[in-house]
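Undergrad: Sequence:
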Amino acid sequence: VLGAGGQFAGPRPVTNLPCASPVKRAPVKFPRDLIFEDPGVAMYSGYVNVTPDDYLFYWMVEAQEGAPKDSPIIVWSNGGPGCSAMEGATTEIGPLLMFGVKGNSDAFSGKLSVNPFAWNREAHLLFVDQPRYVGFSCGTGPHVESSVEAGKDMVSFLVGWRQTFPEHAHRSFVFASESYGGHFVPAWTSAILDYNSGASEPLEIAGIHIGNGIVNRSIQDTVESFVEFQKMEGLIPLWAHPRTMDEARFLMHQTLKYKPNQYDYRIKSLDCCGCYGYNYAPWSEWLLLDEVTRALNVCGDAGKKAFAGCAGGCITSPSIDRFDRNDKFDYSGALARALELGIPVTLTYGMQDLSCDYHGGYSMASSLEWSGAKAFAAAPLQDLLVEGSLNGKTKTAGGLTWIQVQGSGHMIPANNPAAAYSGISAILRRWRNALPQQKFSVFSAETPLAGASSFMLVTLTSLLVVFVVLCAGAAGARRLSSESWSSSTEHFSHTETRALIS
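By the count of our numbering, the sequence shown reaches residue 521 at its end, each step adding exactly one.
By construction, these hints were calculated from the structure, which means they are not laboratory data. Idealized CB from N, CA, C, for every residue including glycine. Mixed in with the good hints, there may be bad ones.
Quick list of simulated restraints, FRET-style, between CB atoms [as the list claims (entries may be wrong)]:
#: 1; residue 1: S219; residue 2: K88; range: 16 to 26 angstroms
#: 2; residue 1: D340; residue 2: K88; range: 16 to 26 angstroms
#: 3; residue 1: E359; residue 2: R285; range: 34 to 44 angstroms
#: 4; residue 1: G217; residue 2: H187; range: 20 to 30 angstroms
Work out the full structure, taking the sequences as your base and the hints as a guide.
TA: As structure tokens, this is what we get:
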């Protein structure tokens with residue numbers, strides 16, 4: 020729906036929006052009673068039209084002092100489909116985190132704390148609530164019902180956003196997501212590459228990062244693959260041969276003697292209003308506080324469907340229930356296309372995730388049909404060392420990097436933030452190496468990155484202010500309810516939306 024300049028004519032007057040006029044760009048300033056510390060960076064939020072009737076919400080965080088001058092913009096959206104990017108912003112990679120959301124404790128902090136592993140150390144962050152009507156996004160037009168349609172909206176969004184932020188118009192983009200982002204990111208990439216072929220001002224893609232993503236369901240989402248993963252992790256006996264997903268889950272419950280969290284099988288799943296593996300209710304209620312919505316420049320009550328009641332950050336609608344049904348788009352092919360064009364791709368998988376397990380992910384990565392496929396297959400898995408500590412395994416060939424993180428579930432930044440940062444850093448390092456005489460390293464002696472112990476120290480210090488003790492090993496991943504994991508032939512139900520998020 021783009022005009023000759025890559026953007027439609029503009030919004031037209033509407034009468035059914037939750038506010039008179041959505042803000043295009045305004046500073047984000049949280050009151051002191053909502054934060055423990057000031058992140059010390061400029062933040063903005065607002066809305067961009069993707070059609071004359073529809074607005075996508077964004078929250079932009081500028082890079083920290085010392086980042087490369089022309090550092091790229093990491094565009095982040097959560098998965099679902101239908102889940103808000105505010106989860107990634109406030110519980111995973113943003114500069115201000117709400118600790119205690121992803122765990123089986125009562126350690127919800129109720130305030131934002133500075134994140135020592137924020138992904139804006141070397142790049143700018145742009146959180147986008149998409150597809151339409153997700154999170155704080157709003158409008159009066161139709162819902163989109165496929166990742167391909169969402170990709171076209173992302174083109175419109177980025178073109179419009181760049182017009183709103185002309186000082187950042189020269190920057191390239193890194194697309195990042197997790198879970199159902201394994202569909203979103205390839206679809207965005209394909210749509211933008213198509214757009215660039217005829218654009219006078221193309222949207223440059225600097226890299227792709229997908230965490231625990233569902234990219235190719237025909238490979239990742241099969242009984243055979245899941246059962247093999249279960250045996251590798253000791254979740255069912257080696258002699259067992261379950262024939263269906265239901266049998267595999269039942270046998271796993273019997274073996275573990277508890278109902279495991281879909282996003283981290285080491286801990287029990289929670290069951291309550293707003294619980295999807297974890298209890299998202301306090302977090303989602305917090306996002307609807309008047310002080311929070313004012314700080315984020317939200318259009319009226321635009322977030323009500325995503326955050327009120329038992330929603331837990333994800334919307335439900337007939338279009339979400341039908342999302343990507345009868346999908347024919349080649350997501351693996353889109354990643355291969357990017358690799359052939361020299362766009363680096365990093366795939367990271369937490370090894371304790373049940374919803375998008377690393378065994379299926381590795382099979383998917385190995386199946387990508389690109390010129391570097393043989394080199395990737397031949398490359399050995401090596402130890403993933405973060406500050407000298409073993410955190411999993413990794414391999415790289417050409418532009419494709421694989422990382423499997425031990426001791427982590429579906430959402431690696433919440434479980435092992437240092438290892439998660441190593442994933443995005445792999446892309447940013449390639450970007451830096453392409454710059455003449457550009458020297459900057461987050462892991463260098465001059466700019467050391469705090470280790471996992473430092474992360475927990477910051478977390479505990481923040482929570483002690485409100486007399487709360489955070490359980491160190493309880494963080495996890497998200498959405499796909501424990502009782503409705505996907506099968507290879509069924510479309511994700513609303514409860515499944517919870518897991519394939521972010």
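Undergrad: Each hint needs a verdict: does it hold in this structure or not?
TA: A quick look at each hint next to the structure:
1. S219 - K88: 16 to 26 angstroms: Taking Cβ atoms as reference, S219 and K88 lie about 24 angstroms apart, which means the hint holds.
2. D340 - K88: 16 to 26 angstroms: violated (46 angstroms)
3. E359 - R285: 34 to 44 angstroms: holds (39 angstroms)
4. G217 - H187: 20 to 30 angstroms: With a Cβ separation near 23 angstroms, G217 and H187 satisfy 20 to 30 angstroms, so the hint holds.
Hint check: a violation occurs at hint 2 only; the rest are consistent with the structure.
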